[in-house]
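I would like the entire structure built from these sequences, with the hints used as guidance.
Protein chains: 2
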Amino acid sequence: MRVRPGQNVLVANVPVMNGAESLVRTLIASGVTVCFANPGTSEMHFVAALDSVPGMRPILGLFEGVVTGAADGYGRMAERPACTLLHLGPGLANGTANLHNARRAATPLVNIVGDHATYHAQFDAPLASNIELLARYASGWVHAATSARTVGADAARAVRAALEPPGQIATLVLPADAAWLEAEGEASPLPRPEPALPSGAEVTRVAAALRARKPSAILIRGAALKERGLRAAGRIAAHTGTRLMCDTFAPRLQQGAGRVVVERIPYFAEAIVAHLAGLEELVLVGAKPPVAFFAYPDKPSWPVPDACTIRILAHAHEDGTAALEALADELGAGPHPALVAERQLPDLPAAGKLDAIAAGRIITRLLPENAIVSDEAATSRGGLVSLPFAAPHDHLALTGGSIGSMIPVATGAAVACPDRKVVSVQGDGGAMYTLQALWTQAREKLDVTTVIFANRSYAILAGELARVGASGGGAKARSTLDLHDPTLDWVKLAEGLGVEATRAETTERFADLFANAMLGRGPRLIEAVIDG
Amino acid sequence: MRVRPGQNVLVANVPVMNGAESLVRTLIASGVTVCFANPGTSEMHFVAALDSVPGMRPILGLFEGVVTGAADGYGRMAERPACTLLHLGPGLANGTANLHNARRAATPLVNIVGDHATYHAQFDAPLASNIELLARYASGWVHAATSARTVGADAARAVRAALEPPGQIATLVLPADAAWLEAEGEASPLPRPEPALPSGAEVTRVAAALRARKPSAILIRGAALKERGLRAAGRIAAHTGTRLMCDTFAPRLQQGAGRVVVERIPYFAEAIVAHLAGLEELVLVGAKPPVAFFAYPDKPSWPVPDACTIRILAHAHEDGTAALEALADELGAGPHPALVAERQLPDLPAAGKLDAIAAGRIITRLLPENAIVSDEAATSRGGLVSLPFAAPHDHLALTGGSIGSMIPVATGAAVACPDRKVVSVQGDGGAMYTLQALWTQAREKLDVTTVIFANRSYAILAGELARVGASGGGAKARSTLDLHDPTLDWVKLAEGLGVEATRAETTERFADLFANAMLGRGPRLIEAVIDG
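First to last, the protein sequences are chains Z and H. Heads up: the first sequence begins at 0 in numbering that gives the first Met the number 0, then just goes up one per residue. Heads up: the second sequence begins at 0 in numbering that gives the first Met the number 0, then just goes up one per residue.
Keep in mind that the hints were calculated from the coordinates and are not lab data. Incorrect hints may have been included.
It does not matter which identical chain is meant; a pair holds if it fits inside one copy or across any two.
Said to hold, decoys possible - In the DMTMM-like style, the derived pairs of lysine to aspartate or glutamate whose C-alpha atoms are separated by at most 20 Å in a straight line are: (1) LYS287 to GLU504; (2) LYS298 to ASP530; (3) LYS444 to GLU499; (4) LYS298 to ASP123; (5) LYS298 to GLU78; (6) LYS298 to GLU181; (7) LYS213 to ASP418; (8) LYS287 to ASP123; (9) LYS352 to GLU279; (10) LYS298 to GLU443; (11) LYS287 to ASP305; (12) LYS352 to ASP418; (13) LYS225 to ASP123; (14) LYS352 to ASP488.
Okay, here's the thing in structure tokens:
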């Protein structure tokens, strides 16, 4: 039933193109060329169209959280959407936690969610559910296709919606008959929406505020955290002495030697208060004011000093890079940025039992140029604090707090950037949520080195139990935070998923293994035992 | 801050009880004594209350799909709800696919979903999301607690809602301050709602229809598929010659030697049409009319013959068992049921390369008395067809079509029934979705034997690709259905999760391993290689 090159398309009863082909062709014409997929029966025509239409790369995930998390990582690095292919409501549900993270990252992403044929919905078959309601949870744009003849146009709109600055999730529900019935052709791609330029009046006002040289900071998020925006921010800092900051969980930050350093806002509420103490001007570029990640009894949720004026130089949908450049020019800042990082690598730690600090220092020291760091190290982050002074790299953070995202994000980043080394640093608790992503790394031979920090607990919760004042901490409470009994064996888990894996319990062994991984190519995993 | 036995509770500033303790006490008083949990910071007071309040058993899952799937299995077997403990919207999202299955199973289940403190919501912190919207997707009852003083009463209502016949999901959102602030005490449990008795007039009408002795069938779902309801159905069959049926994916069916056999409706649309051909009367007991699982071009969605009259003897919320007994009495049926299964075990297959049929026959033959079979064997089910003539057991099916549910369901069933052997039969594709459940089986030392049918493909989809008329099936399409490259190693995966595991590639080896597993206790996994 598919038309192939050279085949006569005028065969009786054979449509030139079905809805699925119209959809896939339109996606490709719109610049969407990677499909992270976990399909089922209702998506079989889309799957078939992957062969009949050239230009789309399908990548299978064995769980939908892999699919959506990988699409997040791809979108962050490629700056254009991948599409997902998900199987009805439950397939979307399994991908939804990582979509929450992608929403917080403002990643452009197009979900294609298969559904029952339109006429089948009335029968409330076992897999039927309210897909649109579920899609609204994390998507900025939701549409259910009604016909094969219009699904191409729907796809073009979905891609455009995903690219609306700063980027969002667009979900297109695809009933099976909208995929299998006849379509006229593909739809034309829509122009990519450009971010708005910030107001000149606001630039002037912020410039005046910074000229006053009160204690100030510029908090940056989004594309302005890449080299060009950071350079403009560094010029402003050189001219005004302002501090430069980014969120604790910035979606993507270009950092490392030779780049302008921004202060990463700390995680805990009281630490944020201390970090912002004395600020009188806070200028936002694509960011919102910092808030506490969680509420705690007797701890502040709002850490910005009362006396601090908050100014918005650029909203998230505006061009933060252009705004910073306009501000630097308005200020008459010179061409040389301040706060440029000098390369400063930590020493290799002494031989002996491995701990998180030592492992982090080794990673920092040995990180290759132009790597991508997918960071869900959580409580094991301590040794990574000098990453801003290591080789230049892109740093990707867990944006929405839903742990388990960053092995999939690393996977998608590696698909987007096949020539760059991806280093994926993961706490063992979080890594368990979507470990299936390792299989996709193996199948696609992606150049990802995963380091599992195996502390064998939900370490952060042990601390949080006390911090929230719930100081009970008896045997039952501890049992919900402890991952011993049985101990997870990450070497076996990775090998079971087809990824070469090794374990390090000493500093020297970890340094050897990690150095080796940096020299080689392809997926591998190192279990860094930092337990007790 | 917690009050312990013997401690003077009149300490200044120490509340006698906080909201979390009020909640946990009320749950226990309402009969909810097992909590499947994957908590985070916002749930720490609930976690602490597990120690300060005696009577609740916490069971940790390393992914929320484990938690909700286990609560489904527990609820199906215990006939009262377990509660879950989930971490904000993303935690609920990760558990939602298995909640979809639980919804289709009409399982009583109470979700406790932690949220930010009420006053923290305004700050839209990274983990904030629209939890109530998400909860509505699968829950019949949703409420967000507003205060520690009323959260106990909320919990009592949630349990009652979960038990509303035939059973549903009740989701209580628990803001952190509703857990940590002071409460007056626990709330009184509410009376368990009883199923309505079906109308006598309808019983009379159905009796008249069956007396006409046209070709008829009774389609049963829910609690009437246990021994007592089946016995009444068998009496009716003996008196009228009617056929007895259950859905393809009945949530729970008591079957095996000595029990009344019901015909399981086949999966594929055209097979259902053939199965129901000629029926003139279809009587529903807690069931809806059968429909095709998926739509296919040129295949029917509605398989019931046009000439067939559909009668509703009992709705799902009514007492189907009482309805069947009333019908049997109204008909004047004798005490002896027809269709009682005689034990008829398949022969042990000949030695040689293992296949799905041989593995299924061995399982059927060696199944111990009173086992629980958690069945997601999918395309590998063929060898299990004579289970209705094996030792009596409870059979649990994947009710909502969201694959990956049944390892968690087996886990929860084993918690509910610690003295019964649980046999969990799983296709390898589906098993990958929520494999983390094996770790919970290991930690809790549950008596579950998992058999992975390793055909190393999404086998059903290879067939479906052709069935839907999407006959392309080129290299890309096949790549999304094939689980080779790399091959999953289930022995390593299970061992990595702390479960003893072995692999069988021959019939005789599988028979040995399975026989051994049936003699022993505790979790183990057998990878039954049935590839190629």
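Now for the hints, and whether the structure bears them out:
1. LYS287 to GLU504: Result: close neither inside a copy nor across copies, 41 Å intra and 58 Å inter.
2. LYS298 to ASP530: For LYS298 and ASP530, the Cα distance exceeds 20 Å both inside one copy (30 Å) and across copies (58 Å).
3. LYS444 to GLU499: Within one copy only: 11 Å inside, 30 Å across.
4. LYS298 to ASP123: between (48 Å within a copy, 17 Å between copies)
5. LYS298 to GLU78: neither (38 Å within a copy, 43 Å between copies)
6. LYS298 to GLU181: Classified as between; 18 Å across copies, 60 Å inside a copy.
7. LYS213 to ASP418: neither (45 Å within a copy, 72 Å between copies)
8. LYS287 to ASP123: This pair counts as between: shortest inter-copy Cα distance 10 Å, intra-copy 43 Å.
9. LYS352 to GLU279: neither (46 Å within a copy, 76 Å between copies)
10. LYS298 to GLU443: neither (46 Å within a copy, 37 Å between copies)
11. LYS287 to ASP305: This pair counts as within: shortest intra-copy Cα distance 16 Å, inter-copy 61 Å.
12. LYS352 to ASP418: Neither: 34 Å inside a copy, 44 Å across copies.
13. LYS225 to ASP123: neither (48 Å within a copy, 25 Å between copies)
14. LYS352 to ASP488: within (18 Å within a copy, 31 Å between copies)
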